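Given the coordinates of chain A, assemble chain B onto it according to the supplied hints.
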Amino acid sequence: MGKRNRNKVEKNKKQSPSPLGRGIRIGISLLLLAHLAVVIATPAALVMPGSRLARWLLQGAAPYVQAGNVSHGYAFFAPDPGPGHIIEYELRFADGRKEQGKIPDTRKHWPRLRYHRHFMLTEQLAALWMDEPPPPENPRFDSAWQQDHRRWARQRRDFTARANSYGRHLLQISGAMAVEMNLLRHHLLTPEEFLSGRSLQDRDLYETGEIVTVYAEEQR
Amino acid sequence: MNAVGKATKNWTVDVISAWDQFWFTAVDPATLATIRLCTGLMLLYTHVVWSLDLSSFFGPQGWINTDLLQQTWGSQGGSNHYFWSHFLAIDSVFLLWIAHGFALLIFILLTIGLFSRVAAVLAFLLTVSYMHRASGALFGLDQINVMLTLYLMIGPCGARFSVDAWWRATRQERDQASFKPLESISANIAIRLIQIHMCVIYFFAGARKMLGASWWDGSAMWLSIANSEYQTVDLTWMAGSPMVLALLTHVIVLFELSYCVLIWNRLTRPIVLLTAILMHLGIATCLGMATFGLAMLIGNIAFIAPHLILAIVRQSSAGALQPTRGVR
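Which chain is which? The protein sequence lines are A and B, in order.
Heads up, my numbering is the position in the first sequence plus 1, with the first residue counted as 1.
Heads up, my numbering is the position in the second sequence plus 50, with the first residue counted as 1.
Read the hints as simulated data drawn from the structure, not as lab findings.
Owing to the predicted nature of the structure, the values given are computational and were not obtained by experimental measurement.
Any given hint could be a false lead.
[Stated by the list, open to error] Taking CB as the label site, the calculated pair distances span:
hint : chain 1 : residue 1 : chain 2 : residue 2 : range
1    : A       : TRP57     : B       : LEU331    : 36 to 46 Å
2    : B       : PHE72     : A       : ARG155    : 41 to 51 Å
3    : B       : MET293    : A       : ILE174    : 46 to 56 Å
4    : A       : ARG151    : B       : PRO110    : 23 to 33 Å
5    : A       : TRP111    : B       : ASP267    : 35 to 45 Å
6    : B       : SER308    : A       : LEU37     : 17 to 27 Å
7    : B       : PHE165    : A       : ASP132    : 50 to 60 Å
8    : A       : GLY74     : B       : LYS56     : 37 to 47 Å
9    : B       : ALA68     : A       : ILE25     : 15 to 25 Å
10   : A       : GLN202    : B       : ARG316    : 46 to 56 Å
11   : A       : TRP57     : B       : GLU223    : 50 to 60 Å
[To be verified] With a straight-line cut-off of 16 Å between C-alpha atoms, the simulated EDC-like cross-links for lysine to aspartate or glutamate are:
hint : chain 1 : residue 1 : chain 2 : residue 2
12   : A       : LYS99     : A       : GLU181
13   : A       : LYS103    : A       : GLU211
14   : A       : LYS109    : B       : GLU279
15   : A       : LYS103    : A       : GLU89
16   : A       : LYS109    : B       : ASP103
17   : A       : LYS109    : A       : GLU89
18   : A       : LYS103    : A       : GLU181
19   : A       : LYS99     : A       : GLU89
20   : A       : LYS103    : B       : GLU279
Using N, Cα and C, we set each Cβ at its ideal position, and we do this for glycine too.
With the rest of the complex left out, here is chain A:
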């Protein structure tokens, strides 16, 4: 313990006793320790592959963590800042009209926080976008492939459900008969490519990912 801290401790010892009794202080200390364990365990469980101890702790504290939204992963621009994603859509109306739009849209979604909310919608949809794993050439890897394939199938189901929810919402607010949504991945340039004269907006940087069409009659 440093000299300054030791002096503080000594001074504290000489001061009048805390207005809180020992039992109350012990009780509060235990609650604080339990809370802080959860605060640390949540991001520790989410860093891949994730601490087993943290996952076990979080299972026990699930009511507290989930109901109170107590802690998160805190992965800001991690592990790597990746490409951005946008949804370009076309609404088709009964009278033959067509309207195009995109999510997010800087011209429509203002102020910036509103833009960012819509940007998160596309980013979270894109997080579920995953190519089907190709079957292995060597049958020895069959069981690993089956595991990957099950994960892909689960993610695919979540992707479809989310994309359909977005589509149904667009149909509901526009009154259109159908909407075709195209999830685009906007790849990033390297500094060298940028210095060679390329633009961040070059069309070939936009990779077409998934095209999902939702029809009004599918709405419940």
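Showing chain B alone in chain A's frame:
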């Protein structure tokens, strides 16, 4: 008792004393009240912006419809999950606006510090409910908002810079016997929790970056700048200065990883806080996340001593609402 036993006993007594001093010292609530004021404004702004798309994010047929929401909750927390939101009980636009109006009122009460403790509890519950329902449109800002409101519930966040404080001062002027000192242990506990939570946030933000190659090779800063979906200020002119970009990348990771150590030392604390201000203002202006940058800076206020805040407030003559008594 032998020497080792005596030393162990002394050490144990010192540890307990240091623990008590860390958590159970009464402090002036000026720091907590400042955080309340700033968090209240941030919550108010965040939820006013939700008003622009209220049905789209919180209605039953919003971007995330209720079926999908239940499915998402199920996949995150299993069939017996504990996620909740009062929006699931609302199925008309009129009621949605009534509920939203009530939430905005609570955030106004928290900001001005009227019925502060009740407002803080309701603000926390509402923030959690909005977050649970808007799953799919959330980002770092929401995580910091909910963290700050959680701890505002614990301490007397309305004891200064608030209508509550002004009322109490007026009462005390009339009735000298009703005087109570402002220093409070719960204010200290709330501030300590925010401080530790900020350390956890920065540490894991840094630790998770260590898993990415671009944070090691120094290209992460360029990748952030070159993402035109994030960009609000064009910094692509920095492409010609790869060493500067690499230096900034490494500084960010080092700052995040070392924050939890350096912030506690009185000599390095000002440098850490200054770095945090520069980094978050940079994110705020260049990457279009002003709200997130400001929310992180609000969290950093926890490391500013109450006496310093009071001195700043007095100096700028903005302390019209603060009582004149109860300060050491």
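Outcome of the hint check:
Taking the beta carbon of each, TRP57 (chain A) and LEU331 (chain B) are about 40 Å apart, inside 36 to 46 Å as hinted. The supplied range of 41 to 51 Å is met by PHE72 (chain B) and ARG155 (chain A), whose beta-carbon atoms lie about 45 Å from each other. Against the hinted window of 46 to 56 Å, the Cβ-Cβ separation of MET293 (chain B) and ILE174 (chain A) comes to about 49 Å, which satisfies the hint. Remark: the range hint 23 to 33 Å for ARG151 (chain A) to PRO110 (chain B) is upheld by a beta-carbon distance near 32 Å.
Checked against the given bound of 35 to 45 Å, the beta carbons of TRP111 (chain A) and ASP267 (chain B), roughly 36 Å apart, stay inside it. Against the hinted window of 17 to 27 Å, the Cβ-Cβ separation of SER308 (chain B) and LEU37 (chain A) comes to about 20 Å, which satisfies the hint. Checking the proposed 50 to 60 Å range against PHE165 (chain B) and ASP132 (chain A) shows it holds: the Cβ atoms sit about 54 Å from each other. A beta carbon spacing of about 46 Å between GLY74 (chain A) and LYS56 (chain B) agrees with the range 37 to 47 Å that was offered as a hint.
For ALA68 (chain B) and ILE25 (chain A), the hinted distance range of 15 to 25 Å is satisfied, since their beta carbons lie about 18 Å from each other. Between GLN202 (chain A) and ARG316 (chain B), the C-beta spacing of about 49 Å keeps the proposed range 46 to 56 Å intact. Take TRP57 (chain A) and GLU223 (chain B): their Cβ atoms lie about 56 Å apart, and the range 50 to 60 Å holds. For the given pair, LYS99 (chain A) sits about 11 Å from GLU181 (chain A) by alpha-carbon distance, which is consistent with the 16 Å threshold.
In summary, the hint linking LYS103 (chain A) to GLU211 (chain A) is supported, as the alpha carbons are separated by about 15 Å, within the 16 Å threshold. In summary, the hint linking LYS109 (chain A) to GLU279 (chain B) is supported, as the alpha carbons are separated by about 14 Å, within the 16 Å threshold. Only pairs whose Cα atoms come within 16 Å are accepted, and LYS103 (chain A) paired with GLU89 (chain A) is accepted, the gap being roughly 4 Å. Distance check on the hinted pair: LYS109 (chain A) and ASP103 (chain B) sit about 12 Å apart at the alpha-carbon level, within 16 Å; holds.
This hinted pair checks out: LYS109 (chain A) and GLU89 (chain A) have alpha carbons roughly 14 Å apart, not beyond 16 Å. Restraint check: the Cα-Cα separation between LYS103 (chain A) and GLU181 (chain A) comes to about 11 Å, which is no more than 16 Å; the hinted pair holds. This hinted pair checks out: LYS99 (chain A) and GLU89 (chain A) have alpha carbons roughly 13 Å apart, not beyond 16 Å. Simply put, LYS103 (chain A) and GLU279 (chain B) have alpha-carbon atoms about 12 Å apart, close enough for the 16 Å limit, and the pair holds.
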